[in-house]
Amino acid sequence: MLRLSSGEITAEKLVTAICKRATAATWLANFLTEMNIVGAINRAKELDRILNETGKTVGPLHGLPMTIQDTEDFKGFDTSCGGREVFTEGRSGRSMTVQSLGWGSWATLLETFDSPAKVVSDAKSWEAQTLFMYPSPWMNVTAPKKPRIGVWNVESLNIYLHLFPPVLRGYKTAQSRLRAAVFELVEFTPPDMSQLNTRLVNLTVAMNMAWNSSGMPLDALLSVTAANTALPWDTWHDTTYTSIYSCVDWPGISLQLGLTVDKNIDQKYSNFGPFSKEDARLESLYDPEAFHGLPLSLRLAARKFEDEKLLAIAELLHPVMKGVIPRAANADRSTLIEDYAKSESSSRIPISWSSCMRGQTCLLERATITNKSI
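If you number the sequence shown the way UniProt numbering does, the last residue is 374 and the count never jumps.
Wrong hints could be hidden among the right ones.
[What the hints assert, rightly or not] Calculated cross-link-like contacts (lysine to any residue; reagent style SDA-like; alpha-carbon spacing at most 25 Å): (1) Lys268 x Gly258; (2) Lys118 x Met66; (3) Lys20 x Phe31; (4) Lys309 x Lys268; (5) Lys277 x Thr235; (6) Lys277 x Trp152; (7) Lys118 x Val98; (8) Lys263 x Glu278.
It is worth saying that the hints were derived from the structure and are not from the lab.
Taking the hints into account, I'd like the entire structure generated from these sequences.
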């Protein structure tokens, strides 16, 4: 932001570089459903003109490009939530989240991520739409000095999916790194997941009981983003590890580990005994050779209304989980951030965050920003 506001780099140059990278990336991975390149560059030019004429930026996220999850209405663009069944053609309006963000943020460090989250909160969307939103002002919450982190027990009898071998390896690696840094990890046994659809009424109660089952409440909960890695087109059906948080209204953030599938380590399970039909179907898809090199990530969640606390704890834990900062849990926040910013990994950390607490769902995919362009 300092480089944009000072005029060191123009919004047009930044947006153009990002659009080139996004175009190349989606050509390879097909992760963007709609692209508004012309609109983004035209808006960037307008922002540069305003800055040159007035010397002032337009809002706190001036000139920063963003992606919006395909659940948020955006004028003139289709909305599908990633599925054909809920496709809606050419929306005529914009969601409250999009209006609040204006021009949002793609950044490389987790500590900058509370900026767009704060912008959404400071917009006070609940004043215009009270039916599904309730007041939730930004409170500048910080992480506890010694957070208690729940660890989702993936071997519980209530689990009906095996984790892919590389996902399990990444999960265990993150735990080992957090323990080595003297963070307190507490086993979290989830409620029965096999009958999720018939237990939604009781699910919130069950999850809160599990949250406090160790005798003291947790500060955050570590689990996997999904039992699997990325899958071939139209083969991902199960959303257990994400939908459960939406069902109970808990915010979550996905954090990359800097680890990838390794065909030499992550072999298929021997003597595999499926927990369910879906488990068997997923296991049949996993091929160490074909999946080699796919990135691994984990999910960190918090309870309802604890969005800010979650972001603060994620900022504290993420460099340790990636193996970048092997510091003890009592290391101060500013030191962690300083070390993280100096590390080689700080510019390659895709992050996504979802919040259902404020009556909104916002997923901002983070992309690497470098001084190189395609």
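For each hint, the structure was consulted:
no.	hint	result
1	Lys268 x Gly258	21 Å, holds
2	Lys118 x Met66	15 Å, holds
3	Lys20 x Phe31	14 Å, holds
4	Lys309 x Lys268	38 Å, violated
5	Lys277 x Thr235	14 Å, holds
6	Lys277 x Trp152	22 Å, holds
7	Lys118 x Val98	13 Å, holds
8	Lys263 x Glu278	23 Å, holds
Hint compliance for this structure: hint 4 is the single one not met.
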